[in-house]
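Undergrad: Listed here are the chains, written in short residue letters.
Protein chains: 2
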Amino acid sequence: MKFSKFGNRFRRHTGARQLMDDLGAAMVSEEPVMMLGGGNPAHIPEVLQLLAERTREVAGKPHEFRRMITDYSSPAGDDRFRASLARLLQREYGWPLGPEHIALTGGSQSGFFQLFNLLAGVFDDGSFRRILLPLTPEYVGYTDLGLAEKLFVSNRPIIEYLDDRLFKYHIDFDCLNVEDDIAAICVSRPTNPTGNVLTDIEVRQLLDIARTRKVPLILDNAYGVPFPGIIFQSVEPVWDDNVILCMSLSKIGLPAVRTGIIVAHPDIIDAITSLNSVMSLSVSSVGPVLLNDLVETGQIIELGRDVIRPYYHARADQALAWIRSALDGCEYFIHRPEGAFFLWLWLPEMSITCDELYQRLKKRGVIVVPGHHFFPGLEEDWSHKHECIRISYSQQAETVCRGISVIGEEVRNACH
Amino acid sequence: MKFSKFGNRFRRHTGARQLMDDLGAAMVSEEPVMMLGGGNPAHIPEVLQLLAERTREVAGKPHEFRRMITDYSSPAGDDRFRASLARLLQREYGWPLGPEHIALTGGSQSGFFQLFNLLAGVFDDGSFRRILLPLTPEYVGYTDLGLAEKLFVSNRPIIEYLDDRLFKYHIDFDCLNVEDDIAAICVSRPTNPTGNVLTDIEVRQLLDIARTRKVPLILDNAYGVPFPGIIFQSVEPVWDDNVILCMSLSKIGLPAVRTGIIVAHPDIIDAITSLNSVMSLSVSSVGPVLLNDLVETGQIIELGRDVIRPYYHARADQALAWIRSALDGCEYFIHRPEGAFFLWLWLPEMSITCDELYQRLKKRGVIVVPGHHFFPGLEEDWSHKHECIRISYSQQAETVCRGISVIGEEVRNACH
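In order, the protein sequences belong to chains A and B.
No gaps in the numbering here: position 331 of the first sequence is 331 in our numbering, and each next residue is one more.
No gaps in the numbering here: position 215 of the second sequence is 215 in our numbering, and each next residue is one more.
These are computed hints drawn from the structure, not numbers from a lab.
It should be emphasised that the depicted structure is a prediction, and the values quoted were computed from it without experimental measurement.
Just to be clear, a hint being listed does not mean it is correct.
Any copy, or any two copies together, can satisfy a pair, since identical chains are not distinguished.
Stated by the list, open to error - Derived pair list, reagent style EDC-like, types lysine to aspartate or glutamate, alpha-carbon separation capped at 16 Å:
id: 1; residue 1: Lys150; residue 2: Glu331
id: 2; residue 1: Lys168; residue 2: Glu410
id: 3; residue 1: Lys2; residue 2: Asp267
id: 4; residue 1: Lys362; residue 2: Asp164
id: 5; residue 1: Lys61; residue 2: Asp355
id: 6; residue 1: Lys385; residue 2: Asp293
id: 7; residue 1: Lys168; residue 2: Glu202
id: 8; residue 1: Lys5; residue 2: Asp181
id: 9; residue 1: Lys61; residue 2: Glu387
id: 10; residue 1: Lys5; residue 2: Glu149
id: 11; residue 1: Lys362; residue 2: Asp328
id: 12; residue 1: Lys2; residue 2: Asp181
id: 13; residue 1: Lys5; residue 2: Asp125
id: 14; residue 1: Lys168; residue 2: Asp71
id: 15; residue 1: Lys363; residue 2: Asp22
id: 16; residue 1: Lys150; residue 2: Glu379
id: 17; residue 1: Lys362; residue 2: Asp124
Pulled out of the complex, with its shape left as it was, chain A reads as follows (with noise of 0.2 Å):
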């Protein structure tokens, strides 16, 4: 079978699809596989029960059932919850925002394969630009998401050593580059894979580059405020007409149904909007009409303050403790687990890549993704890209405890 240009580039077998199949080989695996690979989230009773209870009302009510099932939604996504979200960020951060500065995608991978081919590559006088990621280690998602080749250009973090072997990725300021290739810059915060939060600062700076250099800010709050919020400290929400906010219903607790969100200038909104209609007719109402009334109320942010955020602090805290037991007498630093659900754990020491440790692990029952995956854009030989792999702590407390143990014992090998 021969495949075009297009279909060789995506077929490869990139880090997302690794990540997905391992995620999709350990829910069918008769063995016991311990998954903290994947970005599943927690099944968090409170927030379980929340949904069940809305799903059964909705099938309760023919007309919001239609509405969830039956009815294509217009390409920009259902309207009613597009402009619930509008008036609820508009409430509560004052963002001038109505329904035309939002749009839904098939879950937020597919607004950032949009966004970014939309953005950047070939353009039609023939030139070509490319995305800044400011931060690496950055979201191994975005790597193979570009038609073309090389869309992404990267830079090495400043490394900040903490007490208790922590340490925290702050980004280079002075070696951030903004060529004029560039035609947008990207974050995702909380960092996925390291839990970074950016500070307050920081966001404010790329804010202020972005807008000198007339580019898009695209910032990726796919686990950050406004919900789910998964942040562990008070961060300030930001949005103006320069930035791209993309959020998603997965990280609350709803990956499977594949909801995506863009809040953005109209001209892009309409970008999308176009792209959807295109390659997908239109997306799911699913997501949009279980939460139209949390979103409505406000009751989406409460849940994300009063129930995910606390739920995962705590989850974060007992992981922190199970791997700093594990690896007693290990050389190993820890990435400050300041958001999202993973710890970064970093292994300066160890005589195998990351890629290897993965490997054993993966022989052991034991699912994480090496590090070596999230330095989109960063071709340059780096030694801590091999040093590092990303845990999850979102799934049951037994399986990530004996996960890390596990860990722990591989760790000890690969480091004498």
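We have chain A; now place chain B onto it with these hints.
TA: Chain B only, in chain A's frame:
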């Protein structure tokens, strides 16, 4: 805002966008709109009731509910559903299928985006391959799916005149040249927009040609067999490992959950799986979980045969009678309604184009789709392209009836 070449290409206001915008606008309009445009399925009470019951059931079973909402599927789509469907197709038709022959996509349209661009377009060796549509009119949604321009090449049909102002399109096999640059052959069955159903003989002939020319045959069964089965006569469902069979849950009644299905050789499925994981991480599990039992038991085929098909067949007869009465005395022809839920009206003596008729009807609150959108890849000037409209008869009877009477008035105005 400057957009890339890809962006500019996909931002064009396409037929699909117009159609989906009309549909979305109709949903939120204050004025009553007679929506005879989009491909929204009917609200069939038995189907809605069944789906609502299933939804309540799933909401009451924590394990099922988590599967539907809270857990990412593997990138090929929910594994259990794919296995159930493979068993069903094997049982019913003897096709030698396993789950490795099936991938789900975020709706049929996304599946076609992936398939067309995987198989055709620019190749690594610099060559360019195209998709052959052996029969036009053909589905508007294909038109703009190519990452490259001019992805489609297509043929005029043979027109067979039948009694009672009916006609039927046939593939003109004498003029069907499968040039060396053809990557795949694609037909919808029933044809969207005409309600034509290719005969078993035509399909077998296409199978032979495709196999001889060593290119796959893509069969778009969105409205067809095995489900939803909206075909008003008995036809033979076909699959072999040179066929790429595309199906959907939309026309059963679940367009808002966005589930497309591709049944093909495992090499194709593996490629689609990679595309899913890179472009969307995974696909929604809502449709697969809601319908799994129906697929597992085969009830989904009975639902098509006993409920959905008879429903639309009756609606077709009804709409045909209304249109005959509305156009009495005009020069008109109607494609024999053999499946799907559209009437394809041919008005050879109008003094205006179908696009102008569409505009006039829209002003009067009646939305149809002008026929010229349905000739993807047919470059030649052919007056027939501008003489047809597609009328959906899936919406409420009263709406369809009133809409058709307005169409009658406007056609009359345009014929004298």
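Undergrad: Would you mind marking each hint as holding or not holding in the structure?
TA: Evaluation of the provided hints:
With identical chains, the CA atoms of Lys150 and Glu331 are never at most 16 Å apart, being 35 Å at best within one copy and 58 Å at best between copies. Neither within a single protomer nor between protomers do Lys168 and Glu410 lie at most 16 Å apart by alpha-carbon distance, with minima of 25 Å and 69 Å respectively. In the homo-oligomer, the alpha carbons of Lys2 and Asp267 lie at most 16 Å apart only across protomers (10 Å), although the nearest pairing inside one protomer, at 38 Å, exceeds that limit. For the identical chains of this complex, Lys362 and Asp164 are neighbours neither inside a copy (29 Å) nor across copies (69 Å), given an alpha-carbon limit of 16 Å.
Taking the closest pair of Cα atoms, Lys61 and Asp355 never come within 16 Å of each other, the shortest separation being 51 Å inside a single copy and 39 Å across copies. In this assembly of identical chains, Lys385 and Asp293 lie within 16 Å of each other by CA distance neither inside one copy nor across copies; the values are 44 Å within and 46 Å between. Taking CA atoms no more than 16 Å apart as the test, Lys168 paired with Glu202 passes inside one copy only; the shortest distance there is 13 Å, against 66 Å between copies. Proximity of Lys5 to Asp181 under the C-alpha cut-off of 16 Å is restricted to the inter-copy arrangement: shortest distance 15 Å between copies versus 24 Å within a copy.
For the homomeric pair Lys61 and Glu387, neither the shortest alpha-carbon distance inside one copy (53 Å) nor that between copies (42 Å) is at most 16 Å. Taking the shortest Cα distances, Lys5 and Glu149 sit within 16 Å of each other both inside one copy (11 Å) and across copies (15 Å). Neither within a single protomer nor between protomers do Lys362 and Asp328 lie at most 16 Å apart by alpha-carbon distance, with minima of 22 Å and 73 Å respectively. In the homo-oligomer, the alpha carbons of Lys2 and Asp181 lie at most 16 Å apart only across protomers (12 Å), although the nearest pairing inside one protomer, at 34 Å, exceeds that limit.
Taking the closest pair of Cα atoms, Lys5 and Asp125 come within 16 Å of each other only across two copies (9 Å); inside a single copy the shortest separation is 21 Å, beyond that limit. In this assembly of identical chains, Lys168 and Asp71 lie within 16 Å of each other by CA distance neither inside one copy nor across copies; the values are 47 Å within and 30 Å between. Taking the closest pair of Cα atoms, Lys363 and Asp22 come within 16 Å of each other only inside a single copy of the chain (12 Å); across copies the shortest separation is 54 Å, beyond that limit. When the C-alpha separation of Lys150 and Glu379 is checked against a cutoff of 16 Å, the pair qualifies only within one copy, where the shortest distance is 10 Å, while the shortest distance between copies is 36 Å.
When the C-alpha separation of Lys362 and Asp124 is checked against a cutoff of 16 Å, the pair qualifies neither within a copy, at 46 Å, nor between copies, at 35 Å.
The structure is inconsistent with the numbered hints 1, 2, 4, 5, 6, 9, 11, 14, 17, although it conforms to all the rest.
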